[in-house]
Amino acid sequence: MRFIPYIFLLGIAVSQDVRFDCHPELDATKEECERRNCIWKEDTTEGAPYCYMKPGIGYKLFNKTDDVRALTKNDGPKSPWDTDFTEIFFASKYIGKTLNVKIYRPNRYEPPLDLPLEESTSSEELEVTD
Numbered sequence: 001m002r003f004i005p006y007i008f009l010l011g012i013a014v015s016q017d018v019r020f021d022c023h024p025e026l027d028a029t030k031e032e033c034e035r036r037n038c039i040w041k042e043d044t045t046e047g048a049p050y051c052y053m054k055p056g057i058g059y060k061l062f063n064k065t066d067d068v069r070a071l072t073k074n075d076g077p078k079s080p081w082d083t084d085f086t087e088i089f090f091a092s093k094y095i096g097k098t099l100n101v102k103i104y105r106p107n108r109y110e111p112p113l114d115l116p117l118e119e120s121t122s123s124e125e126l127e128v129t130d
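The numbering of the sequence shown is the UniProt record's numbering, which starts it at 1 and goes up by one.
Any given hint might turn out to be false.
Mimicking DSS-like on lysine-lysine, the simulated pairs with C-alpha atoms at most 30 angstroms apart in a straight line are [as the list claims (entries may be wrong)]:
1. Lys-78 x Lys-102
2. Lys-64 x Lys-97
3. Lys-78 x Lys-54
4. Lys-64 x Lys-78
5. Lys-78 x Lys-30
6. Lys-60 x Lys-97
7. Lys-73 x Lys-102
8. Lys-41 x Lys-78
9. Lys-73 x Lys-60
10. Lys-41 x Lys-30
11. Lys-60 x Lys-41
12. Lys-30 x Lys-73
13. Lys-54 x Lys-30
14. Lys-54 x Lys-73
15. Lys-73 x Lys-93
16. Lys-64 x Lys-93
17. Lys-93 x Lys-60
18. Lys-78 x Lys-60
19. Lys-102 x Lys-54
20. Lys-64 x Lys-54
21. Lys-102 x Lys-60
22. Lys-102 x Lys-64
23. Lys-41 x Lys-73
24. Lys-54 x Lys-41
Simulated from the structure, these hints should not be mistaken for lab results.
Kindly generate the complete structure, drawing on both the sequences and the hints.
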């Protein structure tokens, strides 16, 4: 079973196995990493990112109803990519073995989008946890 965390990039320690890559593109450099306000540390562990996000970045749960969770911005560092929003919503639902995830802002226009709602089969099972 695999778990999909919805509290994005929340961390206290930054050991190599919990680092969130701040430069997923190829050819990361120390200069570009620091420009994104991230941490650069070269390690020998295979697969560990050299450029990773500072602890405390992301969102925390403040309200939950059935399949919708309201999240607020942590007091931690600003996102390295773009605007941080004070509040976002995370909704999830299952269609057979398919996990449908929606991340959105309150009171924001949503264009109508007709997604296929056919059940799928899979040997893998995804689960949203708190």
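Hints versus structure:
For a cut-off of 30 angstroms, the pair hint linking Lys-78 to Lys-102 stands: about 22 angstroms separates their Cα positions. Our distance criterion of 30 angstroms between C-alpha atoms is met by Lys-64 and Lys-97, whose separation comes to about 23 angstroms. In summary, the hint linking Lys-78 to Lys-54 is supported, as the alpha carbons are separated by about 9 angstroms, within the 30 angstroms threshold. For the suggested pair Lys-64 and Lys-78, the alpha carbons sit about 24 angstroms apart, so the restraint of at most 30 angstroms is met.
Under the criterion of a C-alpha separation no larger than 30 angstroms, the hint pairing Lys-78 with Lys-30 is consistent with the structure, at around 19 angstroms. Restraint check: the Cα-Cα separation between Lys-60 and Lys-97 comes to about 27 angstroms, which is no more than 30 angstroms; the hinted pair holds. Under the criterion of a C-alpha separation no larger than 30 angstroms, the hint pairing Lys-73 with Lys-102 is consistent with the structure, at around 17 angstroms. Simply put, Lys-41 and Lys-78 have alpha-carbon atoms about 20 angstroms apart, close enough for the 30 angstroms limit, and the pair holds.
Distance hint between Lys-73 and Lys-60 is fulfilled; the C-alpha atoms sit about 6 angstroms from each other, no more than 30 angstroms. The straight-line distance between the Cα atoms of Lys-41 and Lys-30 is roughly 8 angstroms, inside the 30 angstroms bound, and the hint therefore holds. Taken as a hint, the Lys-60 and Lys-41 pair is honoured in the structure, with Cα atoms around 27 angstroms apart against an allowance of 30 angstroms. Taken as a hint, the Lys-30 and Lys-73 pair is honoured in the structure, with Cα atoms around 27 angstroms apart against an allowance of 30 angstroms.
Proposed proximity of Lys-54 and Lys-30 is supported: the alpha carbons are some 15 angstroms apart, at most 30 angstroms. A threshold of 30 angstroms between alpha carbons decides the hint, and for Lys-54 with Lys-73 the separation of about 14 angstroms falls inside it, so the pair holds. Straight-line distance between C-alpha atoms of Lys-73 and Lys-93 comes to about 23 angstroms, which keeps the hinted pair within the 30 angstroms bound. With a CA separation close to 14 angstroms, the supplied pair Lys-64 and Lys-93 stays within the 30 angstroms bound.
Of the supplied pair hints, the one linking Lys-93 and Lys-60 holds, its CA atoms being roughly 20 angstroms apart against a limit of 30 angstroms. Distance check on the hinted pair: Lys-78 and Lys-60 sit about 14 angstroms apart at the alpha-carbon level, within 30 angstroms; holds. The straight-line distance between the Cα atoms of Lys-102 and Lys-54 is roughly 25 angstroms, inside the 30 angstroms bound, and the hint therefore holds. Distance check on the hinted pair: Lys-64 and Lys-54 sit about 27 angstroms apart at the alpha-carbon level, within 30 angstroms; holds.
Between Lys-102 and Lys-60, the direct Cα distance comes to roughly 16 angstroms. Compliance with the 30 angstroms bound is thereby established for this hinted pair. Taking the CA atoms of Lys-102 and Lys-64, the gap is about 15 angstroms. The hint holds against a cut of 30 angstroms. Simply put, Lys-41 and Lys-73 have alpha-carbon atoms about 26 angstroms apart, close enough for the 30 angstroms limit, and the pair holds. For a cut-off of 30 angstroms, the pair hint linking Lys-54 to Lys-41 stands: about 12 angstroms separates their Cα positions.
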